[in-house]
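Student: Counting from 1 along the sequence shown, just add 50 to a position and that's the residue number in our numbering.
Because the hints were derived from the structure by calculation, they are not lab data.
With a straight-line cut-off of 30 Å between C-alpha atoms, the simulated BS3-like cross-links for lysine-lysine are: (1) 287 to 344; (2) 344 to 62; (3) 194 to 276.
It should be emphasised that the depicted structure is a prediction, and the values quoted were computed from it without experimental measurement.
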Amino acid sequence: MHATLPLIRNTKFPAITRRKLETLQVNLGYRCNQTCVHCHVNAGPTRTESMTRETLDDVLAFLRASQVSVLDITGGAPELNPHFRALVRAARELHVRIMDRCNLTILEEPGHEDLAKFLAAQQVDVVASLPCYLEDNVDRQRGKGVFDASIRALRALNRLGYGHPDTGLSLALVYNPQGPVLPPAQRQLEADYRAQLGERFGIVFDQLYVITNMPIKRFGSMLISKGQFTHYMDLLKNAYQPANLDNVMCRTGLSIDWRGYVYDCDFNQMLGLPLVSRERTRTHVRDLTGSNLKNNPIVVADHCYGCTAGQGSSCGGALAS
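Hey, can you work out the whole structure from these sequences and the hints?
Tutor: The structure is reproduced here in structure tokens:
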């Protein structure tokens with residue numbers, strides 16, 4: 051795999067600092083039952099990295115002390131971590147909003163047949179990856195049969211109340227472009243998703259998150275292999291919108307890797323760019339308990355243009371309407 055960090059480290063991206071911490075994003079490991087072309091984590095079935103119960107307890111201690119309002123659980127397929135449900139239950143007791151970044155097909159994996167009911171019972175928000183409403187595009191990006199399995203999973207979630215008003219069960223879908231292009235306008239694409247999934251399959255959902263592909267890990271390596279890396283970086287830089295700087299997710303979020311080390315965002319985690327600290331080269335979550343990170347400088351590189359290009363991009367979709 052081609053390394054992208056040497057190509058993006060020297061940057062003219064503006065310096066930015068943190069605000070009050072609101073969201074804790076926790077990566078439970080890189081193992082996944084899928085291998086997606088656009089994956090910036092390079093996750094897949096052969097990955098073995100997985101958060102231990104000891105590290106998970108460190109995360110919970112920080113969660114209690116920090117009083118963040120949102121726990122964003124990701125992977126890989128985070129549900130494959132054996133402590134996933136323990137984390138959900140413990141966070142639920144803290145009255146924290148919980149988001150599960152679910153690839154949908156995990157709901158049909160052996161041993162996870164009751165997963166959807168568990169998520170509903172715990173009032174977990176499901177953020178489900180569905181990079182297109184067309185079968186050929188999804189299967190090309192994520193693997194043969196993924197589209198049909200995803201539709202079955204969405205219908206199962208709908209039957210439990212997800213995506214329906216007044217149930218308190220939120221269902222968001224996630225779109226990623228097929229290649230080195232900026233995603234279309236989120237509002238219009240959401241309308242297209244609603245029409246296609248509603249008319250063809252009777253599926254309902256709350257919102258669509260449109261996310262720009264990051265030029266790192268598997269997607270970045272693919273760009274280098276095809277001679278498209280420089281063109282894509284030029285596209286991101288030329289579409290830079292300064293107004294998006296105010297809402298980038300790293301200002302109010304924090305990313306924890308499977309070992310418990312801390313980063314400004316999930317993308318910096320994948321690049322090995324740790325949180326800035328005067329005391330140490332990299333910081334573990336146990337060392338942060340009780341700390342105030344407000345005004346801490348955020349580590350930036352050229353990949354940050356991916357979050358600020360066009361309508362902007364974050365784990366919660368577009369930054370601008």
